[in-house]
Amino acid sequence: MTSVTDLNLPDFDFDDPSLVGDAYHQRLAELRRQGWLARSPIALLVLDREAGEFFLRARATVFPGRQIAELFGITAGPLFEHIDANILNLSEATHRRLRSIVARAFTPVAANRWRPVMRQVLEQLWGAVGTDGKIEVVDSLAKPYPALTIATVLGAPPSDASRLHNWSTWVQRQFDIRALSTDRVRIEAAVVEVYDYVEALMAGPPDASTLLGALLAAEAEGERLSHVECVNLAVNVLAGAIDTTQSQLSHALHLFAAYPDQWALLERSPELVPAAVTEVLRIEPVTPFTARQCLEDIEYRGVVFPAGTIIAICSERANREGEGGERFDISARPDSRLLTFGAGPHFCLGANLARAELEEALSFLAPRMPGLDLDGPVSFGGIEGIYGVEALPLRWSPAGG
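Just so it is clear: in the sequence shown, position 12 is 12 by our numbering, and no numbers are missing.
These are calculated hints, taken from the structure and not from any lab test. Glycine included, C-beta positions come from ideal geometry on N, C-alpha and C. Don't take every hint at face value.
To be verified - Have a look at the derived ranges for each label pair, beta carbon to beta carbon:
(1) E193 x G376: 52 to 58 Å
(2) G127 x P377: 23 to 29 Å
(3) A60 x N8: 21 to 27 Å
(4) A23 x D297: 43 to 49 Å
(5) G21 x P260: 15 to 21 Å
(6) D13 x E390: 17 to 23 Å
(7) R59 x Q120: 40 to 46 Å
(8) D375 x P345: 40 to 46 Å
(9) P116 x H227: 43 to 49 Å
(10) A217 x E271: 36 to 42 Å
(11) A60 x S331: 37 to 43 Å
(12) P377 x P116: 32 to 38 Å
(13) G376 x E326: 23 to 29 Å
(14) A264 x A23: 24 to 30 Å
Required output: the full structure, derived from the provided sequences and hints.
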């Protein structure tokens, strides 16, 4: 049996600023041609779908949030306490209990209940778009849309949406290895601010139709949910459901601008919207790497992964295995489950809400932005955390809109 530490593996640097856009996909494809494993300074990369799902589902692995924080000297204070209380880092029994409480707010039926709100938000944002057929879509649509939606879902005033977005962006950087080393003070300040905000929000009269109302009702039942757990869950939802959807929608519109035939197909065939969302999630996942740590020695494919090994499962490569491959085609049907939202006990709670938001956005925008095309250079964020788009100038034929 061979230890993974003895293997001669190709190197990959998450911190390389050039690894965005096509260069990032090409580098991962090159690594995959060399094998199913690669090495980075902080983790081993798993580039194969079957292996990725194995490690995501293995009972002998955990999400290493605390361990990664400690690597960057975060061992106390508000940021460490937030990471320590994150539902991803809780014990198996506690995780199951909390997930069962909050999961009802994120079923497909629950997500569909918010679709009228999503359409209303889109109408509001579109009303501010000019008539010249040009837009910088990240600031104008992709950022405010999920923030306004989540404000309503949580029971927060819509006027607070920009603050919610800012907090989400910074708190999510707890998963960004570059930000942990350079922006710890700003991340920690956002954590303190958002906890204070949620506490104040929960002190008001609860609305049973909102997520906060549902959490407060569970808290009132006694043993099921403590006040601290209630606050932590609300912060987890707020932090995890804005920046991710903003980034995924931005990537979707970038893909469609790069493949105008696919945008024209979507405009002609609105029934393809759900499939189009799946294809966007497959080709450009905003969480290209999901971390796990081995609790004990794990043997897989004749290789031993020692206890303590941190593994980064690459959803980008996993999703591109199979018939679809590297081709972006909204009329295709993936032949396997995506790893964009993870797998196993930590499968993303907000997946149904995210899908609904993306479906409503594409349904709304496709008939209003015919002839979609890029109107300038695209600026990408880094891949080491949430892989986003920082600037995306677009143009279309305003006469058709």
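How the hints compare with the structure:
no. : hint                    : result
1   : E193 x G376: 52 to 58 Å : 34 Å, violated
2   : G127 x P377: 23 to 29 Å : 28 Å, holds
3   : A60 x N8: 21 to 27 Å    : 26 Å, holds
4   : A23 x D297: 43 to 49 Å  : 36 Å, violated
5   : G21 x P260: 15 to 21 Å  : 18 Å, holds
6   : D13 x E390: 17 to 23 Å  : 20 Å, holds
7   : R59 x Q120: 40 to 46 Å  : 44 Å, holds
8   : D375 x P345: 40 to 46 Å : 43 Å, holds
9   : P116 x H227: 43 to 49 Å : 32 Å, violated
10  : A217 x E271: 36 to 42 Å : 38 Å, holds
11  : A60 x S331: 37 to 43 Å  : 40 Å, holds
12  : P377 x P116: 32 to 38 Å : 36 Å, holds
13  : G376 x E326: 23 to 29 Å : 25 Å, holds
14  : A264 x A23: 24 to 30 Å  : 28 Å, holds
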